[in-house]
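*Asks:* Protein sequence lines, in the order shown, are assigned to chains A and B.
Per full-length UniProt numbering, the first sequence starts with residue 1, numbered consecutively.
Per full-length UniProt numbering, the second sequence starts with residue 1, numbered consecutively.
Among the hints, erroneous ones may be present.
Cross-link-like lysine to any residue pairs, in silico, SDA-like; alpha carbons within 20 Å at most [unchecked claim]:
| no. | chain 1 | residue 1 | chain 2 | residue 2 |
| --- | --- | --- | --- | --- |
| 1 | A | LYS273 | A | ASN297 |
| 2 | A | LYS328 | B | LYS83 |
| 3 | B | LYS83 | A | LEU243 |
| 4 | B | LYS351 | B | THR381 |
| 5 | B | LYS162 | A | GLU148 |
| 6 | A | LYS157 | B | GLU270 |
| 7 | B | LYS20 | A | GLN80 |
| 8 | B | LYS10 | A | LEU243 |
| 9 | B | LYS20 | A | PRO94 |
Everything labelled a hint here was simulated from the structure, so no lab data went into it.
Quantities reported herein were computed from a predicted structural model and do not represent experimental measurements.
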Amino acid sequence: MPPRIPGPSTVSSALSRCTVPSASSRCQPQQWPATQSKASFSTTPARPRFTKIRRVFRNWINGPGAVFRNHRPGGTNYLQPPNDVIRNVDRPFPLNPHFKSQPVLDDRAREFIWSKIIREGETVKAVSAELGVDIRRVAAIVRLKEVEKDWIAEGKKLAKPYARAVLGMLPTHTFREDRRNEPFEPINELHVHPYTTKQIFWPTSESRHFTRADAAKAFHPKLLSADERVPHPELIQMEKELLQGRPLWDASVRFKESAMESERKAADKQLAKAALEEKFTTRVHSDRFEFRFKQINSENVGPKGRARHAVGWRYGAPYYDRSKGEIKIPTSVP
Amino acid sequence: MKPRRYHGLKRPRLRQTWNKYNLFNIWRSRDPKLGKGDMETFFQQKWKAKGMLRDYHGEHVVERKWVRMFSRRLLSVAEMDPKYMAAFDGSELAAGRGSGKEERPDWGAKIVPKRVQTPYMQMTFAPMERRLDIAVFRAMFASSARQARQFCVHGAVKVNGKVMPYPAYRLNPGDMFQVDPERVLYATGMPKPDPNKQKKKKSSGQNAEGESEEATEEGAEAEAEAAAEGEAAETKEAEAPEQDPETTDAPEPVKQDMKPTRKQLLAIVEQAKAVLNEQSDLGVRQKQQVRKFIKEVRPLVSRTGRADASQTEIAEELSNLVADLRLSGSSDDAAPATTEQSRDTFDDLSKDEFKLLSKRIAEYVREEEENPWDPTKPYKTPWRPRPYMAPFAFIPKYLEVNHNICAAVYLRHPVARVGSAEVPTPFPESVSQLAFNWYLRRR
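Chain B extracted, bound-state conformation (with noise of 0.2 Å):
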């Protein structure tokens, strides 16, 4: 169960997650000093480092089961320079002993460079990395690694190509592990409005934080769907004229097939009111106009299972409605002045910058395709990364990952090199130092 404070700020405790809380508690921690002072026994100071140490390493994971994972042997590598290796054969690191080879070191030197060790200590929790919901984490397919434990549990991560419901499941050197992408998607994107939030902060006043910058990219996400269904309608409009002249004899209208006409319809009518749902910043008329067209399509839709239907007079009769429709009277008023204007103007567009128009054009549609709008998603779309992401955004060196599909190798265990450790930790080192001896009891 997750503890009830979990991203608190007054006993902050680090965590591994994307949250603003998270990030705040990290900004403002500081070296926790333990054994600076003498006020701490040893074991008080080991308690307390191995507590702050667990809260972030897999604080879902029971404390027995870390401690059987627990392996007091630390894995490192060392660099070995192969034109180094090719001149010399190691003989030389034993000569020289009280043969006057060895460097004197320079007593009167006013500053020692400090030697750069090995920071054995920040791989105490290498094991814990080894995890199958850790690993999803740390290949940034979930927000927290609570999150991949779910997508582990709930069937979504596949071990070399087999569903593997264990987060427990301790990753191999080689294994590919791959997150369904519809979930990746929904644990980065930016999250869908919550509409009983909504209401309650209307009723409330608006107080939000930051809610400005939304209003105004839901502001042309609002736009961008009423194009949409300008577009719609057009095609619908297109559409109508071509199979007009087969309609003018009597006896086939009865036959005629309205179900795409029915469906396309419905889809219109489901857009309107997601708009409805999810838009905040519509002002009261706009919504009271989309809830009008909402009612006088209804009866259209039910004139589409009559016998004596007719596509043409019904896609007139909603082009009228779409064109009443003013959502955001500046932007439509706007749109067509634009398309006159560049109609006007591909005429005196010399070649070059209609290929650049042309290519700008594509690159659009492009884009549209790889991330169109759909209301069916449970994130929103089209997909933005969610807020706070960046500064968590790392790759361990140990993961192999193709974002594209959502996939992954762990190539080796982490390892330790000179001045730097793999596994990732938000503590200072002698922290990490002190929570390693507490582990090591016993043993």
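Isolated chain A, as found in the complex (with noise of 0.2 Å):
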């Protein structure tokens, strides 16, 4: 910018200015005048005292924004997108359709799938068939129900009205004893392995019978079928006897039976690795410590001898993570 070239008038205004005894004793031509009224001899424009984008904000906020200051109950109250004639009730971010905020269980739906596991004794996986809850959501609300009723019974406070506050913010799905409940969630949805997702030139024959299992060794030969690899198998099996005439009743009662077995099974299994490792393992009770040795074959050691669980695996390797400005964050917290 090329130097300002004082015009008469500037230069006659400044001089006023320092020669005013009223004002202060300094000369300041930097200062901006206050209002145009005040300085009508001054060539500088009065500084607007909002920028544009300000007015704009201000005017948005107090007009049509001012619906998003309080909440009002009785449903979502979210941004509508430019050119969109129908409410907007699930989608938070205008320019984003694929993220929708979707129900989240009520007060009531929880208590009721807590009471149905821990006071009725029904498995995880029947009620995550019945109500269409995802297994481990189910698992998820247990445990969490079963903290807020430790906090009651120990007369910890609860944080209700912010519960209600959030709860009346979001959209809700709840469940009830006496009717039909729809689903809350699809509940049989299958991981995509990354194997899968590969193409493959896989000749056969034309007149194969190529099922799901034909596939799944198509694209590795340790790949289960997809049958085997849903949360749910128990339900195909239960589609399948429908299909194949058995009546409801007795399809429901033997998937439940079977929804029972295999989580006795997976609950065997677990007890089963924890007597193994207790079996190799020898406790020695001191007055401060309880001292645990643990049976290992030293000889164990890969075929390079730098195996990950062998001893010595490191040997030679510094462990950067002791030095100083290093700090450990845990991978996992048991």
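Put the two chains together into one complex, using the hints given.
*Replies:* Structure follows, in structure tokens:
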């Protein structure tokens, strides 16, 4: 920018401002005039109080944006995308149509699930299939409910007003004991395994009956078929029995039995693992500590002698996480 | 360090906060149309897209940390209908190639329905959602990702029952994290008015936006507090006559325990002071009255320390003082009137009406108990959600949250399905795709 050449009017105004006795003794030509009316002789225009965008913001936040200030109960309150006629109820981000705010289970539904599992002793899989809630979610709900009951028993204060306010802002889903319930979410979802994302050329005869199990074998010899990898293989078995003409009540009883059986098997497996661990451990109690000695085979060190589980697998390689300034963030909390 | 213009209006950046400026920025953001014209090279497009996304997704995470977290493997699930799986074994998809079984496309169709695709590219920042601080923010326990990070660092977050001070801890499926409810209430509740700010506002004139609403709310609270004070005085009056017969004997008053009275008086003074500090809508005369009240209570407090003090006298004087104190004339006048009316009308009420009334009263009392007025809290009490919270309220499916205990379980990693992705991001897929391509290089 070239140096600003003062014209006669600006010079005179600056001079006059310097000579005015009532003003501050120092001359301050950089100072903006407060308003146009006070210094009508000034050539520099008054700076607007707000920039344009701040004015737009204020107009929006006091006008159309005012509805977001306080939540009105009875539904969600998300931004309305431009050029959209239907009221937006499930998209928090107007530009991203792929992210939807899906309903959450309300307090009543969670209590219902908890009582089904703990009071009535139903299996997690059966409850999951009946109500259409993911197996992991059912387990999590029961776990959290148990903590909540503990808090109530201890007399700890729950964050009730907060919970009520948040659930009032979210879309919710509920279950009722006396009527047929809508499923909450898809329960039989299959993880897309990386082996199955490849395109492979697999020549086979046209007459061959090529099933899902064959497809799994084609992807990888150890890959199980989709029927075994889904979370609810018992549900598929039940549908098969229904197709074979078994009555519904019978099939559902058999489904519950098989669900119970599979859960029992999983529990047995876990117990057996713990027992095996215990078998190779010797515990020695002192007055302060419990020493645990485990039997290991020191010869079992892998082909290069550096297997991850072997003793001395990092022999000669320092641990940098003990040096200054390095923090060691745990990868799991048991 | 937080950038100076975190919620700028001039160069808007979308952030993980519940801020009103952020809301405005999200509202006015339009599709950036990267790569639509031929003004930018591919590199420039990727650079811009990556910058925009990183401003939102964990901008407090150093870039090289994120680069190490990034994974090119995007998780997705396919829905398997058990009915379909029972009826077919999959061979129907392999059959019919060249046998005339396939459906031929309708070339003459006017409108071709668009195939719904799986938005894999929206999963670019899925590994970031594993971070503890961001999960805490997603579970709505903090009003911003940075605040969630602070909660972790300050030791208010537990993972599986153990304090986890590292916000960079990456949650594993099945991990339960819980946040101290007091912190959650502070983060999500209406903030206390800042006394320093309020003075400034008054001197500069009342030009605040949307202050009228708050003023009325605070007015309501003032009345509630006045009522509470009245109650306190009443309870004191109720207590005093009980002990009255005992104090008639001469030697006993010396041994009388004045500590509770002293405590109660001090509590009343504290309450009055809080009213003075918090309520902006009190008139000058009302404030003067409150100050006078505090001044006159002080000698009472000192009198409780003397040997010859009697509770009844103090209670009487206190009740006189409270009677003199008329904060909001209309409400105080109205309260006794309504009680008298209710006394009259209690006899006229039918049984059903009486039941309903008692039920309402019980509800009101329970609400008071759950959400009391408490000036010691760092947030405004009774607790109410902070402004501009609802448009940001959503809970992604990979979390199961119990708000009563401020705890949540990280069920699984976020996944993509046909037509939807679970990673909450305010950007369209085209931008995420460019960012994904940026992080793919040299990998």
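*Asks:* Hint by hint, say whether it matches the structure.
*Replies:* Structure-based check of each hint:
1. LYS273/A to ASN297/A: Distance ~19 Å between LYS273/A and ASN297/A Cα, so the pair holds.
2. LYS328/A to LYS83/B: Roughly 49 Å between the alpha carbons, so the hint for LYS328/A and LYS83/B is violated.
3. LYS83/B to LEU243/A: Answer holds: LYS83/B to LEU243/A is near 9 Å, not above 20 Å.
4. LYS351/B to THR381/B: violated, 35 Å
5. LYS162/B to GLU148/A: holds, 17 Å
6. LYS157/A to GLU270/B: Violated, because 24 Å separates the two Cα atoms, which is more than 20 Å.
7. LYS20/B to GLN80/A: This hinted pair holds, its Cα atoms lying about 15 Å apart.
8. LYS10/B to LEU243/A: Given that 20 Å is the threshold and the Cα spacing comes to 64 Å, the pair is violated.
9. LYS20/B to PRO94/A: OK: LYS20/B and PRO94/A at ~16 Å, within 20 Å.
Figure legend: structure checked against the earlier numbered hints; hints not met, in rising order: 2, 4, 6, 8.
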